[in-house]
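One-letter residues, chain by chain:
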Amino acid sequence: MIFFIFYRGLQNSNIYTPTIQNEKSIPNFNAKVFETDKIINSTQIFEKEKFYLLNIWASWCVPCRDEHSYLIELSNKKNLKIIGLNYKDDVKKAKNFLEELSNPYNTIITDKNGTIAVEWGAYGVPETFLIYNRKIVKKIIGPLNQSSLLEIEGLVK
Amino acid sequence: MKILKFPVILIFFYSLIFSNANSSSQNEITKNLRCLICQGQSVYDSDSEFANSLKIVVKQKLDEGLTEKQIYNFLEDRYGKWILYDPKFDKNTYFLWLLPILLFLIGGAIIFKLFIIKKN
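Chains as they are written, first to last, in numbering that gives the first Met the number 0: chain Z, 0 to 156; chain R, 0 to 119.
These are calculated hints, taken from the structure and not from any lab test.
All of these numbers come straight from a predicted model, not from anything done at the bench.
For every residue, glycine included, the Cβ atom is placed at its ideal position computed from N, Cα and C.
Hints are not guaranteed to be accurate.
Computed spacing ranges between beta-carbons, pair by pair [as the list claims (entries may be wrong)]:
#	chain 1	residue 1	chain 2	residue 2	range
1	Z	Asn132	R	Gln69	26 to 36 Å
2	R	Ser24	Z	Met0	39 to 49 Å
3	Z	Phe5	R	Lys117	29 to 39 Å
4	Z	Asp36	R	Gln40	19 to 29 Å
5	Z	Lys134	R	Gln40	27 to 37 Å
6	R	Gln40	Z	Lys91	30 to 40 Å
7	R	Ser47	Z	Lys37	29 to 39 Å
8	R	Ile100	Z	Arg7	21 to 31 Å
9	Z	Lys134	R	Ser47	26 to 36 Å
Using the sequences and the hints given, assemble the complete structure.
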């Protein structure tokens, strides 16, 4: 029995992935708008019966560079608004990052100490949430790729 | 003037005691939280970005007046049971909690059978 338990344990990944709970209401929070001193509430960002993509990113995050082209592609979709959550970043470096790779975000909010990311149940960067009607429809941990792009496009149709 | 000084000193000491109590509660809570991106470390022990953010969130929630249990529920709701080092007694953890008792009973029964019954 012990051999069986250890044998099964070997097959499991030792990297923890949080339980993805879809159809969960988005958190209510206040955040500072990128490059301004304006404080905005989440209800002002996420309107009802609309699709949003919340992308947690940072200029120091290497995988964020890899997924950026997918975000640019998704920014062309008319019925989807992309919200960027700039995580523990330097404003100047974040600005340079967007100038270099172009800006796919409709709105960018900042998370200087990472507490907003915790409210969302995120544990790192990059992480992406597809939201509809103020509910999380899909959560993507790690960088976006071709298959997640197709999945998002399919859901947003 | 002396009468005025007394409440000020009282408020100062009260806030000092309150902040110390919150700080020790924060340490107690973070010691019972697993750092999800670290290998075998608690949030209290870890210096990762994730752990540092969680420490701030726990402090904020304590300042807002949330109880220890409410904070655990808040984090469990977002990250699942795995974030807690001390799992709750429910249908998924029955085996985990009851296994030591079960082993104790089986062991006791074996000892009883081998020594007591044999002796008689």
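(message) Could you work out which of the previously given hints the structure breaks and list their numbers from low to high?
(response) Hint 4 alone not satisfied by this model.
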